[in-house]
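Undergrad: Note that the protein sequences, when read in sequence, are chains U and Y.
If you're matching positions, the first sequence starts at -3 in this note's numbering and goes up one per residue.
If you're matching positions, the second sequence starts at -3 in this note's numbering and goes up one per residue.
Worth double-checking, as some hints may not be accurate.
Note: identical chains are not told apart, hence a pair may lie in one copy or across any two.
Here are the simulated DSS-like cross-link-like pairs (lysine-lysine), alpha carbons at most 30 Å apart as the crow flies [what the hints assert, rightly or not]:
| no. | residue 1 | residue 2 |
| --- | --- | --- |
| 1 | Lys4 | Lys170 |
| 2 | Lys130 | Lys98 |
| 3 | Lys4 | Lys98 |
| 4 | Lys98 | Lys170 |
| 5 | Lys170 | Lys130 |
| 6 | Lys40 | Lys130 |
Read the hints as simulated data drawn from the structure, not as lab findings.
2 protein chains.
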Amino acid sequence: MADSYQDKLDEVNADLVAITRFVGSAMNQATQSLLDADLTIAEKVIESDARIDTLCSSVEERCFDIISLGHPTEADLRLVIGALRIATSLERMGDLAEHIAKQARMRYPKPSVPQELRATFAIMGGVAEAIVSKTGSVIANRDVSLATDIAHHDAEMDNLHRELFTIVLSPTWKHGVEAAIDVTLLSRYYERYADHAVSVTRRVVNVVTGEPYVAVDIT
Amino acid sequence: MADSYQDKLDEVNADLVAITRFVGSAMNQATQSLLDADLTIAEKVIESDARIDTLCSSVEERCFDIISLGHPTEADLRLVIGALRIATSLERMGDLAEHIAKQARMRYPKPSVPQELRATFAIMGGVAEAIVSKTGSVIANRDVSLATDIAHHDAEMDNLHRELFTIVLSPTWKHGVEAAIDVTLLSRYYERYADHAVSVTRRVVNVVTGEPYVAVDIT
């Protein structure tokens, strides 16, 4: 039954890759709902999150089943535990996209983001798309060489986050406290999304190389 | 070797309980550093987080070893996977305490929290202490009857969080944008700390009763 065992592992992996696409699409649409103050798209993202949660639970259940088959090799075990962890991170990435869509919905029909910061959020959305897409490739192909790229995108996201922080705190900020908090929280959602992607990548590196997992500070 | 198997599970559980104490102590001290603008205590919390991380990794390693022994029962498996998840949540709770201490350090010697909000943060600190202490009991005794209590504390924390949000957005707020953001982020750290405690409790309920784990929206 070694084949069936391997098949199950492959299925889990394929599902994780599929989830990265859903989570990427959720984030793209969340960014669009934010920039266009588009309620319909925001609602769609919020509604779709349940599907991501269900897919993640299903992966979890299957990992559980695989371990129950007994006698996994140490490498397989690491893979299954890694998959469980990756599913959790992906679920959280979906939640972060949902948070952004909820923010867009809360301020609708007003935009959540002042005109002069739209470009920055558009870039953050683009970086998020790049990072989740590469994360999907890392999972699909166990190609850990992309880890450097992903770390680079994450650093870019951190810089954008810091930049926004500086802007809302500058004496020339004229949009008041509420908008400052909106921008800060939104910016953190993008930043944490990238952090989770880095965490997923490190899980794969851990699975592939056996090197210890290095924790990412995401709370 | 059934005994040795059970012993290992008991050890993991005892370690998780011990970690709740460290995480509780970190949060207490973080609150103190925040309210007293005490740099020494803030530094201590920041420094101690590495110990919490190490303990959590060690639990993780041991869970891994237990599964490697092979042929766990379904109940044991659920327990080990639950322990892995709980360790992750506890690690994040430690990180949240560290975030609060870092905030206190960043504004030192200025306090991060305006005088009129100190009482609210003191209560949040108290609720955090209560919730983590009960979470420790839930893990130690598999006493899931405390889940209702913990949900109650979590609701209290959510209310305090909303209250602070209303205050920083009120027209009478006179401390400016930076303090508003500080308060909002700090308040979220306490709220998320409580959310993680709820998540831990639900993991234990899942392990004890076999009822499905109900996800907590923590991102």
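Undergrad: Please go over all the hints and tell whether each is borne out by the structure.
TA: Hint-by-hint comparison with the structure:
1. Lys4 - Lys170: neither (56 Å within a copy, 59 Å between copies)
2. Lys130 - Lys98: So Lys130 and Lys98 pass the 30 Å test inside one copy only (26 Å; across, 32 Å).
3. Lys4 - Lys98: Neither. Shortest intra-copy (36 Å) and inter-copy (44 Å) distances fail the 30 Å Cα cut-off.
4. Lys98 - Lys170: For Lys98 and Lys170, the Cα distance is within 30 Å both inside one copy (24 Å) and across copies (28 Å).
5. Lys170 - Lys130: neither (38 Å within a copy, 45 Å between copies)
6. Lys40 - Lys130: Answer is within: at 24 Å inside a copy they meet the 30 Å cutoff, but 38 Å across does not.
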